[in-house]
Amino acid sequence: MKPRNVGGAAFRPPRLADRLLKLFCAPHRLEEVQGDLHEEFAYQVERIGERRARWSYWRDVLGFIKPFAMKRTPSVPLRLAGRFGVDSSSSFLNSYMLRNYFRTAWRNLVKNQFYSVINITGLTAGLAVGILILLWVQDELSFDRFHAKVSNIYRLENWAGTGSSRQIWANTVAPIAEFGKKEVPEVKDAVRMTGNGYFTLFKYKDKVVNKEKTAFTDPSFFSVFDFPLIQGNPAKPFPDEHSVVLTETTAKRYFGDENPLGKILMANNVSFKVSGVIKDFPKNSSIQNDMFMPISLLFTTMYQDRTDGRNRDNDFHQFSYETYLLLEPSASVSSVATKLRNIHLRNKPDDTDLTYLLQPLSDMHLYRADGTNGGIETVRMFSIIALLILAIACINYVNLSTARSLLRSKEVSMRKVVGATKGQLFVQFIIETALLFSLATVLAIGLLYLLLPTYNQLSGKEIVLDFTNYHIWQVIGLAISGTLIASSIYPALLLSSLEPLKALKGKVSSRLSEATFRKILVVTQFAVSVILMVGTFIISNQLQYIRSKELGYDKTHVFAFSMRDMSPHYDAVKAELLQQPGVAGVTRASSNIVRIGEQTGNNEWDGKEQGETMMVRPVAVDKDFIPFFKMKLEQGVNFTGAVADSLHFILNETAVKTARIKNPIGKRFKLRNHDGTIIGVVKDFHFASMRQKIEPAIFYYEPNQMRAIYIKTTGQNAEQVIAAAERSWKQYNPDYPLDYAFLDDVFNNLYKSEQKTGTLFNVFATIAILISCLGLFGLATYTAQVRTREIGVRKVLGASVTGIIQLLAKDFIKLVIIAIFIAVPIAWYSMNQWLSDFAYRIDVQWWVFVLAGLLALSVALLTVSFQSIKAALMNPVKSLRSE
Amino acid sequence: MAMKRSYLGEFEEIVLLTVAVMEGQAYGVALTHEIIEQTGRSVRLNQIHAALQRLEDKGMVKSEMGEPTAERGGRRKRLFTVTAYGRRTLQEIQDVRVNLWTRMPDPFNPAISL
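Chains as they are written, first to last, in our numbering: chain A, 1 to 883; chain B, 884 to 997.
Just chain A, with the same shape it has in the complex:
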């Protein structure tokens, strides 16, 4: 045993513990406490040894982290309190007072039913709608984030083309994935995926499930993404090329309750063995599919008869594969892109205009392929609206409760006089707000349940109120607690800080004109309403504009479908159809005119510069295609159907402009390997969404590529025409159901998301405005109420009813006008921002602002005047007698 040093210098207590003690212990107590601790330590060293004494010391120090040791000021001995038996440790949260707060809060709610109803309605509506929007936002933000490796998965894309025809492709060539895995060390794994056009109509025995979405993919699909097999061998999802993996639902559709593994599906006389089942794709997955086949099967099928020497390892021509790369966490995205580009150029040196880029998987849903804002803008817009709606609901509450503070001022003063502290009053009012909020919350959640089905229909989402899902709680909890905090603190502060003397004398202002803060809030509320109204008008105008804009062709009453095996018999089918009543015309082309998918940069013309690429949309069209769609030939002539037409081209105006061809008729043009001449120029027409500029397009004549048939009905007898088309279809495609679509529907689908956004925006804006008005109504009612006697006196002295209405409404109207002036620039800026996303857009016109302003004004006037008129018409005898 070590010799003991009486001074304690040999064994010092733990310094860290001492420092900790100094940190929290009140300075005036530190000396005695530390002294005691050191003495105790010396004693314990003697008794139980140094090591355990140190432990004991720590325990003791930690034991002092208690309020009694932390009180910063020396406490005055409360002998008096002790004498009278008051428990001096009572805090303002003791249970008697709490009970009392709840009781007064409840009495207040019941006593002022009118205001309680207004408050609760506003809060309930605000909370319910706010939460609904936030749920939508959360769902949008959750897209593709469920993959464990999401932060390291990227979609591979290409920039291609030069100048104005430079564009982004989300699909790449096939071999780059394999090369990347082999040669770029940062690439851990790669997945390719491409739609299946080879095998259609899968059958099990005689059961056909049409319209399933099938794709070819790499086996790594099931390990890179979180789409694990629930049945089958994860090490070998595709044991051979004729394997197929289904989603749970697809498997159920084919096989019912039977075990799907090992079952045989037939397509195009090829049999596929079910080798695995995966869970259905989550709703918030960008990748959605029903069936997967190995991509090696596609390569085998595609390249087996090729004579041009292309195969799966060297075909750097076909950009049709979605490619996803799993990178090392430390990898630099741009360096991977550069390495991949070098590999590409090594294999295909003339693709100098091509660069690679990688988009994070988590950005796929909300950003466009090139990384610019896509859906994220709507998400932002809606988040802001949700916050605004919640803010409006808060403002209502704050305004009403502060305005009515006069009525409470006497209670508050009495409480103060009797000895309530500011803190106690603060807690009291917080509790009051919380009580009202709990009522509103319960109602709001009920309302959520009621609204959800309609909302899902409107928004195209499938949100479920699954309370076991903590994400839902996040949203609801945040919305409610945020709103509660925002709306409870100010009124509680205000009420608790009333000066009892003034309040008891009745010197608390009751008029709106004296409460600047309340004014600001009303202005904010109405500014928000005006902004939302302007937004509503502009969005619906733009959507109207898009839908009614001259497209450059006439798509009414036209339906189309892909002919499959009918296409060699087109002439016969056409002749037959033209005899049907109701058929106005028939034509054919290689793709859908509303949405031309194909694109090529493989073209040449006189005057093309070195390294220049023009991406054009090629469409093979029949000779009657242009008149059928009532397109306008600006120059030149149409195809005649002669053999020579295979070397004739018709360009659209944009193509002529982009290629800078002067006097185009008769000029040389080469599309792919057809070296021909330009015989016509067609007026520009919209073959894509209005978000995009019209791109160069080219018509060529190649009958065996025109696999899509267009049938125009007279508008009547459409059903008979479809039936006739179906009869012809069955004749040549007995196994397949006819899958036709009216161009009008296809067109409308282009704007489905805009349409949805527009509708939702309308609904949200309306609700926001209604809630604002509710608040204003409450405030107006209150003002009229407190001024009852003033009005009585004025009437007795000869004021007219209109004069009194003016008097009451003036205050509010002034505020609304200020709000309009604040709102206009904000609305103008943000709507221009939204419109800038459209290549074809309306201009923001001044009358929109005037209309929104007038509407806001009249809504406010209506709300206020209801109460004002009531007050003005009241018999002064009654109001004056109430004294």
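Each hint should be verified, as a subset may be incorrect.
Cross-link-like lysine to any residue pairs, in silico, SDA-like; alpha carbons within 20 Å at most [said to hold, decoys possible]:
1) Lys-945/B with Phe-68/A
2) Lys-945/B with Thr-901/B
3) Lys-66/A with Thr-901/B
4) Lys-22/A with Gly-957/B
5) Lys-66/A with Ala-933/B
6) Lys-410/A with Ile-817/A
7) Lys-945/B with Arg-29/A
8) Lys-22/A with Ala-933/B
9) Lys-22/A with Lys-945/B
Because the hints were derived from the structure by calculation, they are not lab data.
Since the model is a prediction, treat every value here as computed from it, not as a measurement.
Dock chain B against chain A, hints included.
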């Protein structure tokens, strides 16, 4: 009119009694050790300090700083003494107890079972 007596917790009572017993020499560590010895409870320093502070707040003890010692690294101790009010409170408690005990019909007879 019977005046309500201030509450004194059982532990506070023990501390207060010990302070009274140690007349003039009562401070944190000494009190802790004394109480451990007398009652056999495992008491920690912080509990004693807390109780002493409560007692002081209630006006039952008063304190002054004593002499520094070497074991304490030259720090002074706070010495507690019982106030008159504290004494009276202790006395009252004792009176109530004694009163009750004397009124017990059979104070020390163990229960006899048949």
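Status of the hints after comparison with the structure:
1. Lys-945/B with Phe-68/A: holds (17 Å)
2. Lys-945/B with Thr-901/B: holds (14 Å)
3. Lys-66/A with Thr-901/B: Violated, because 23 Å separates the two Cα atoms, which is more than 20 Å.
4. Lys-22/A with Gly-957/B: OK: Lys-22/A and Gly-957/B at ~17 Å, within 20 Å.
5. Lys-66/A with Ala-933/B: holds (9 Å)
6. Lys-410/A with Ile-817/A: violated (35 Å)
7. Lys-945/B with Arg-29/A: holds (15 Å)
8. Lys-22/A with Ala-933/B: Distance ~17 Å between Lys-22/A and Ala-933/B Cα, so the pair holds.
9. Lys-22/A with Lys-945/B: Roughly 24 Å separates the two Cα atoms, so the pair is violated.
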